[in-house]
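So the protein lines, in turn, are chains E and D. Okay, so the first sequence: first residue is 1 according to the numbering used here, each after it adds one. Okay, so the second sequence: first residue is 543 according to the numbering used here, each after it adds one.
Some hints could be false.
One-sided and incomplete, this derived list gives chain D residues near chain E with beta-carbon spacing under 10 Å [to be verified]:
no.: 1; residue: Met550
no.: 2; residue: Phe560
no.: 3; residue: Leu753
no.: 4; residue: Ser875
no.: 5; residue: Trp924
no.: 6; residue: Thr940
no.: 7; residue: Ala950
By construction, these hints were calculated from the structure, which means they are not laboratory data. Where is the CB? At the ideal position from N, CA and C, for every residue including glycine.
2 protein chains.
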Amino acid sequence: MQSTMMNMPLNITSVMTFADKVYGDVEVVSVTADNPRHRYTYSDAFKRVRKLANALAKLGLKQSDVIGTLAWNDYRHLELYYAISCSGMVCHTVNPRLFDEQIEYIIDHAEDQWVFTDVAFVGTLERLQNLLPDVKGFVILTDEANMPKTSLRNAVCYETLIADEPETFDWPDLDENSASAICYTSGTTGHPKGVVYSHRSTILHCYASSLPDAFGLSRYDVTMPIVPMFHVNGWGLVYSAPMAGAKLVMPGPKMGDGEALAKLINEEGVTASAGVPTVWLALLQYLEKSGERVDGLERLTVGGSACPLSIFDAFRDKYDVTVQHAWGMTEMSPLGTYNRVADDAGETMSKADFDTARLRQGRPIYGVELRIVDEDGQELPWDGESSGAVQVRGPFITDHYHKREHSAAEDGWFETGDVAFMDKDSQMQITDRTKDVIKSGGEWISSIELENCAVDHPAIAEAAVIGVAHPKWTERPLLLAVVNEGAEISKEEMLHWFDGKVAKWWIPADCVFVSELPHTATGKLSKKDLRDEYQNFAWNDA
Amino acid sequence: MQSTMMNMPLNITSVMTFADKVYGDVEVVSVTADNPRHRYTYSDAFKRVRKLANALAKLGLKQSDVIGTLAWNDYRHLELYYAISCSGMVCHTVNPRLFDEQIEYIIDHAEDQWVFTDVAFVGTLERLQNLLPDVKGFVILTDEANMPKTSLRNAVCYETLIADEPETFDWPDLDENSASAICYTSGTTGHPKGVVYSHRSTILHCYASSLPDAFGLSRYDVTMPIVPMFHVNGWGLVYSAPMAGAKLVMPGPKMGDGEALAKLINEEGVTASAGVPTVWLALLQYLEKSGERVDGLERLTVGGSACPLSIFDAFRDKYDVTVQHAWGMTEMSPLGTYNRVADDAGETMSKADFDTARLRQGRPIYGVELRIVDEDGQELPWDGESSGAVQVRGPFITDHYHKREHSAAEDGWFETGDVAFMDKDSQMQITDRTKDVIKSGGEWISSIELENCAVDHPAIAEAAVIGVAHPKWTERPLLLAVVNEGAEISKEEMLHWFDGKVAKWWIPADCVFVSELPHTATGKLSKKDLRDEYQNFAWNDA
């Protein structure tokens, strides 16, 4: 039987027209290089989006064309998001922190036609432009007064580009499955891989991530996404804030500046923010040093990597702010799980249970199917113990990477590369990365848990645990540790430290003290390098 | 450019499998005719849903077949919702309060193959079964111990039907645009008209209506939908509660019983409920009489008709419960607007402004595009003054009615039949029904506002205002009023009552005192009858 419902596509244009009409008066506040506090309304924003759409058309750009951006979180970047995607073009947010070769690779691979850039990244593009002959020109995101001298070809000032364009634009009808944006994920090896979002996936992610037990944005929230807009569309908040009618505060280049963030929170009335742990540490350090408060702030979402308990505690106990763990990745739009513990959990649970509960990565949001599987691909129970590879599927999860035909999914399930168990409350606890997990005697050992345990020792500054081949056990864990300056510890003392803290057979079989550990460009431990270096490590018992 | 996202359909099956896995331990509590307090978990529910799906297949039912239900809100009705829709069949919830001819008409029109009924409605169906030769059989929603003697053909006891079926079922892949449910809307004239929901529209409505500024259901909520499941899928809460992981409490036949509702609220920890104003009045009256409290209750959604301010005030002032207006209709799945005033609005606004704000029907939810238009179809501004016909469109709004080929929408917009203005805060205020509005001198007069003003007079029990043809002004308002027993009022006094309360040209041109006013079967004023009766009313000045 046919449904009688209207056939209406899901598209980003509808977020824009909805917010323009229903929440037109709500403010968007930005810090930019040329303005310490720019403010206007969603209605003002979308008026300029229409001017920009006219300008894009005038540049000769057409549907399906890809446009690159190198920019911080501010109102001009917001305008680009909507003008590009709603014109049927594809917004390619380039991470300006990548190495030159990577920036060159992804601009070339995505086939960017024009690149819009903050003044700060003009130098990078000047170095690269001759390697990018297909880029037709560059638009600098500033006004004439702040326009730099530049050798970029066809360089145009953004404000000049849109100044005389009409304030109306006839938005095209778009297939909901057409591409809206592309974001590259850079692994530790190989070229970055592109994930192409559709209008449909963006809207569904927007709905799912806005539910009360996820970001839960409301008309009465003021949200400040501190996660860069070049990281998975700022976790989608750039779409979900106008959808909810939440006031949007964008810190521009001030994302790591605790003082600037505290000022924005207090002066703009921020209630909800989102970012990686280091951002919250910076804010916390500033607050503790200055004695300032953030009384209007209610909740902080933390993702990107596991957040230490001390940050949860400090915000809760001293500032009455709830920190909430979330987990996801570029391939998931990005939100996969969200941990909203009950408002009264701190009172109804023991401190230990409460701490454990808060540190989980969270429950799957509706729209994400999640399972954990063993090495044979058999699904494991959600019992708080069985640890396995995390696989996901759903309408806002990628099937494959751009221009790589073969599906990245196994039987329709995307391999996240994370290893986790699910507790009986359906909360996920990540224990490792698939490639770092240690396989010993047919069981898995969590390298992360061992590392966390090692650095809990007061003498240890940093630790890495890797699996090294072992004739009897397949692999055994080897601990590599950096000792704090001035501290002393013996190998035996170190290994005894694990007694009673982890299962006996998890205890590292040996330990090597090193002066430093190798890191990737983004600051993560490079276990691949360690595995190469120690692949022939001689076990005592082998 | 092609997106790289997975191609995953939106369907109700995914709500079931999600809730089964993530929220399997959450409770579902029901009152039924055969059990004063049945309780089990979502996981138990979906196990029985799979048994039921096997039973449906065994009855020879196949995809696209329509199955009727005549049932109150309880766990067996919940099981039917999921087993039918997820099998690819269509769940037709029949309103058992309709007249016999209407029940017969809609069962025949929807082509119900089998009908599942509560014991309470067996008599109705026995009267009608010979007029419904295409219905192959009837399943009685009870166990053998409570099975009534019945002449219904092929009568089967529900518990017996599913008892021996397997607990596994291989759910079919469904096109997201395929029909999931059908619901008839009964106007005051003509046959009831069927609205057919799709899996896609159901999921999108589920997302949109679950946002924080709408129903806002969370894992930590306990929700009790008091709106019948035969009214637009219980406002969708039967889908959104498991999606959110909220505990679900279903009052069965006790929907109008204040005492039973209070007991359920307190014993089951209900935090959020939804229903029509008369339900809240019944609860309030019970609470005031008994002196009981409902301390865990946080919010009540009220829809179906405008809720009097006295109910808002009583719940807020005496019981610390927030009443929230919502507006929608069968054709909209049903939610169109929701009024969540800010938590602190009562403190920051004057009482008058706060009252006005709370009584609005609310802001459109994302997924519903809403506009108001004048008689020429020109869109009107949202200025708090311009009143016009309310039109909507969106992916969970109907385009037409079942088996009526022509679109019910005008240029893609569905005519709601309501007249409203939008205030500057994007809150809708309904002022009339399109068919009841009075057109005078090229302007519209709200019959509802005049009626509300009239009944504010202490001598008036009930009032109706209709437009009657006038040679100079097209129409003028005529007031028909019922005087309270023992009260006295003159025509002049009555008409002067409006002075200063409404615009001068709105004041009824004449008044007739009547002993009673005509009502429809559902208790609404029948203005059509009044218009017929007074169509030749002789104006003094004409």
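Tell me the numbers of any earlier hints that the structure contravenes, in ascending order.
none
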